[in-house]
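*Asks:* Sequence:
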Amino acid sequence: MASLNHEKNLTMADFYNAIVRTFIDVTIIGGIYFFLCGLQGEAPSASVYLIIYPLVSIVTVSFEIIFDNVKSAPDKYSHKTLSNNVKKSGVLINKNGSVYRLWGLITLYAFMFYIILILPFCFLLQSISISSQLNIWLALIGSFLLISLSSCFIVSRLKHYAIELYGQLFSAKKGEVKKEDSDSHIIFSYFLPWAIIGAAIAGLLAYGYFRAESGNFTDVITVSMVAFSAGGTSYIISLWIAYVTQKQAILDIKANLLHFEKDDKLDEYSMYFLIHIFSGAVITLIFIASKFLSIEHFSLIQIIVIETIAGAAAAVAGALAGLLRGRSKTLS
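Using my numbering, read the sequence shown as starting at 1 and increasing by one per residue.
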């Protein structure tokens with residue numbers, strides 16, 4: 001659990017949180033991309049991995065740690081006590097600003113580190129002549145270190161801003177949330193950012209898995225292979241994002257940012273069931289569309305487009321499930 005420390009912007013809890021989350025992310029995505037996808041032959045490009053994934057991971061790791069800090073911040077620190085820390089961080093809070101501005105700030109810092117650290121590291125790996133296995137391990141270790149470093153800096157700069165912003169919302173007089181305001185918040189704080197993240201991850205893994213077969217045996221990439229791959233990826237992405245966004249939704253409900261109808265809730269069993277239904281629908285839709293268009297196999301570009309769209313849709317479905325699950329938890 002993250003703890004507040006007004007002497008230091010980054011606590012040891014934040015540091016360990018960043019290390020653990022980054023290790024898990026890099027192990028799962030990097031492991032799938034390099035080792036599982038590489039079972040078919042030559043391992044996929046380390047440059048493609050470094051160009052796409054570290055930026056995504058910096059954003060998600062930073063966001064989750066910042067929200068952990070908001071969740072664990074004592075109420076007595078929610079407003080006036082943290083004003084000095086916000087001023088020290090150099091971030092100004094707009095009274096009329098929406099919480100989705102936090103996504104923009106995190107992304108802005110992430111792009112800064114991406115340009116300053118990740119891209120030069122990627123070009124360095126390309127310029128040196130080493131074995132493919134060593135190249136892979138350097139890409140994994142380097143991305144782990146750079147993502148951890150970047151996330152720690154972003155958390156140290158923005159966590160007090162987030163705590164102060166939510167503290168103001170928690171302590172503000174509660175009223176009826178306008179549906180249009182809630183819809184705007186859901187689009188820009190849930191659907192849009194998570195759709196981009198889901199699309200990037202799905203596209204990366206699709207490239208890693210199918211690039212070898214596409215280069216040698218184009219006709220073996222059948223509709224069934226693509227359909228079940230997209231369905232499996234959609235299931236994993238939607239389930240992950242459902243768990244992340246339900247924690248986000250609980251805080252946003254407490255901050256009076258979301259509008260729900262009376263029956264808008266979802267239990268744990270129903271969430272799993274609907275995510276299974278969604279992944280099955282993705283598989284079915286690909287079969288139906290390919291049958292209608294008389295498609296028997298796909299090119300690599302077509303596969304990446306399909307998986308990217310499926311990943312974005314899965315992220316939206318997961319975010320919607322997380323919103324409803326978060327609301328159910330606040331009612332229980």
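For the record, the hints were derived by calculation from the structure and aren't laboratory data. Some hints here could point you the wrong way.
Computed beta-carbon distance windows for the label pairs [said to hold, decoys possible]: (1) S184 x H276: 24 to 34 Å; (2) H276 x L36: 31 to 41 Å; (3) T284 x I116: 25 to 35 Å; (4) I130 x G232: 52 to 62 Å; (5) F188 x L134: 41 to 51 Å; (6) S131 x I295: 19 to 29 Å; (7) M12 x I128: 31 to 41 Å; (8) F23 x F111: 19 to 29 Å.
Here the structure is a predicted model, which is why all the values come from computation and not from measurement. Every residue gets a Cβ at the ideal spot worked out from N, C-alpha and C, and that includes glycine.
*Asks:* State for each hint whether it applies.
*Replies:* Results of checking the hints against the structure:
Here the CB-CB span from S184 to H276 is close to 30 Å, well matched to the stated 24 to 34 Å. H276 and L36 have their C-beta atoms about 23 Å apart, which leaves the hinted 31 to 41 Å range violated. Take T284 and I116: their Cβ atoms lie about 45 Å apart, and the range 25 to 35 Å is violated. For the pair I130 and G232, the supplied restraint of 52 to 62 Å is violated, since their beta-carbon distance comes to about 33 Å.
At about 42 Å, the beta-carbon gap between F188 and L134 stays in the expected band of 41 to 51 Å. At roughly 39 Å, the beta carbons of S131 and I295 sit outside the given window of 19 to 29 Å. In this structure the supplied range 31 to 41 Å holds for M12 paired with I128, their Cβ-Cβ distance being about 35 Å. Taken as a hint, the range 19 to 29 Å holds for the pair F23 and F111, whose Cβ atoms sit roughly 23 Å apart.
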